[in-house]
Amino acid sequence: MSDTLLLILDLAGIAVFAATGALVGVRKELDVFGVMVLALITGLGGGVVRDVLIGAVPPAALEDWRYLVVPAVTSLLVFAFHPAFGRMEKQIMVLDAIGLALFCVTGAVKAEEAGLGILAAAALGLLTGVGGGMMRDVAAGRVPVIFRGELYATPAFAGALIATVVHHNGYDSWWYVLAGGVCLIWRLLALKRGWSAPLPPGLDHG
Amino acid sequence: MSDTLLLILDLAGIAVFAATGALVGVRKELDVFGVMVLALITGLGGGVVRDVLIGAVPPAALEDWRYLVVPAVTSLLVFAFHPAFGRMEKQIMVLDAIGLALFCVTGAVKAEEAGLGILAAAALGLLTGVGGGMMRDVAAGRVPVIFRGELYATPAFAGALIATVVHHNGYDSWWYVLAGGVCLIWRLLALKRGWSAPLPPGLDHG
Amino acid sequence: MSDTLLLILDLAGIAVFAATGALVGVRKELDVFGVMVLALITGLGGGVVRDVLIGAVPPAALEDWRYLVVPAVTSLLVFAFHPAFGRMEKQIMVLDAIGLALFCVTGAVKAEEAGLGILAAAALGLLTGVGGGMMRDVAAGRVPVIFRGELYATPAFAGALIATVVHHNGYDSWWYVLAGGVCLIWRLLALKRGWSAPLPPGLDHG
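Chains as they are written, first to last, in our numbering: chain C, 7 to 212; chain W, 7 to 212; chain L, 7 to 212.
Derived from the structure by calculation, the hints contain no laboratory data. Hints are not guaranteed to be accurate.
Each pair may be met inside one copy or between any two copies, as identical chains are not told apart.
To be verified - With a Cα cut of at most 27 Å, we get these calculated DSS-like pairs of lysine-lysine:
#, residue 1, residue 2
1, 96, 34
2, 96, 198
3, 198, 34
Kindly generate the complete structure, drawing on both the sequences and the hints.
Right, here's the structure in full:
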């Protein structure tokens with residue numbers, strides 16, 4: 007994957023995750039700076055943790071000013087124009103799914119480039135995808151989406167694993183669309199149809 | 007800024023943040039060791055995250071015994087003498103403002119010395135200032151102060167930005183007093199007068 | 007301590023902590039992937055933070071596939087066979103105490119090997135021991151066990167301090183059993199007899 011493409015996908019993921027963080031902040035009636043901080047945590051949290059774990063410090067989020075400006079501007083736009091989003095919970099979930107798909111691909115690719123094995127790179131892609139949203143939810147006092155009994159981690163891990171294999175074998179960039187697409191479509195279908203993964207046996211789930 | 011001055015300001019910030027963590031622990035009726043752990047997290051959390059992000063590992067908190075002893079002793083003093091503090095919530099907020107002012111300055115200076123750009127160094131000063139308190143509140147099950155609709159992040163960012171510019175241009179140490187002072191006075195005025203930043207448009211805040 | 011012994015103890019600690027995370031997930035009625043993610047966070051969280059703080063990145067959890075497979079398989083076994091555990095809260099606490107004893111020893115040894123001083127190495131052993139469980143509890147919306155007014159941090163710090171001294175002086179491996187044993191037995195006795203550390207003076211604890 008070319009560096010330019012990786013940067014664009016990374017910034018796109020940061021923007022949509024930042025938008026989900028900003029929307030959560032708006033719903034909590036935070037002020038403009040609280041909204042911005044929550045957006046920055048959500049957009050940059052997963053990637054910063056990944057960079058720290060692969061030893062890439064200072065992380066990209068601090069070395070490249072675009073990584074700070076993109077989520078900051080996104081949060082201001084959401085803050086100003088949020089009524090246009092209408093009923094927001096649904097929009098948050100769709101944006102979150104797009105961010106998840108973008109981050110599980112870029113996170114896995116960066117981890118593979120850092121020399122990790124396939125399983126570890128896929129795990130780190132998963133962590134990049136779910137990390138920012140988990141920080142957003144913990145900071146805002148919500149149950150992290152990953153622990154709400156929906157299919158969330160599985161699509162992300164599938165996308166990250168495909169992206170790792172694609173990168174490891176040097177396949178054409180277009181194959182990354184497959185990796186992200188599998189994650190995105192699987193997650194959106196799970197949302198729409200209420201799919202969930204198997205629940206613990208022997209408990210009364212009624 | 008001389009290394010000695012930086013160390014003294016850093017330890018002072020650690021002590022006051024540790025005191026806020028210890029007071030939260032006392033109010034939650036934790037035992038003496040729970041109070042101490044919460045004080046250590048609050049006092050050292052922001053600086054440790056900053057050190058990790060700029061690649062300064064092991065962080066100062068683990069390399070210099072004073073960074074462990076100062077918050078530990080502070081927490082024991084608060085534990086033993088807390089009734090003298092009287093109505094504690096107000097004291098916590100004032101100490102917290104002092105710690106915020108100290109940390110946004112020392113954090114920004116350390117980040118600038120590590121070679122970060124001005125915007126990133128200021129952002130890391132902000133993170134140093136708010137990180138420990140955010141960990142304290144999340145660990146103790148409270149809404150982080152930064153997300154309570156008060157002016158908190160803005161004064162910290164302003165102080166960090168001034169400190170970054172002062173350090174970048176090699177101004178005299180006394181200018182750091184201005185940086186910390188802007189943060190402290192702005193935050194204290196916001197507390198006293200109930201200032202808040204703009205809220206999302208179009209919501210009924212009544 | 008030989009590297010093989012250290013690895014075995016580390017994986018044993020990861021397995022039992024992963025089991026506690028999986029049991030919390032089962033009790034929260036998470037699906038199989040939520041249970042696995044919570045198990046991975048609990049089993050690997052403390053060690054990953056320790057590795058980041060001593061500059062050992064990528065952390066062992068990402069460099070060695072066994073560190074991912076052990077907690078993943080553990081979580082699946084717990085998920086499938088959890089009814090055999092019967093009344094689970096008690097089992098969680100006992101497994102947690104075993105994991106605490108193992109991690110405070112291995113964490114302190116790794117920190118000492120990384121060149122930290124005795125106090126810092128013991129503190130990092132404590133953090134390794136309590137970190138994963140704290141992340142488990144925060145992520146699952148529970149009050150961290152360390153803040154529930156039970157003796158928890160003290161036995162862990164005692165075990166970590168003994169292990170640090172043993173390693174620093176190059177004593178025989180069997181002395182580590184003493185370090186872990188002190189932590190484990192102290193913690194189990196505290197659980198059984200309801201021991202707690204001193205509470206803040208002057209509050210009405212009735």
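Within a copy, between copies, both or neither: where do residue 96 and residue 34 come within 27 Å Cα-Cα? For residue 96 and residue 34, both the intra-copy (16 Å) and inter-copy (24 Å) Cα distances are at most 27 Å.
Please sort residue 96 with residue 198 into within, between, both or neither, judging by C-alpha distance up to 27 Å. The answer is within: 10 Å in one copy meets 27 Å, while 39 Å across copies does not.
Intra- versus inter-subunit Cα pairing at 27 Å for residue 198 with residue 34: both (25 Å within a copy, 23 Å between copies)
Hint check: no violations occur; every hint is consistent with the structure.
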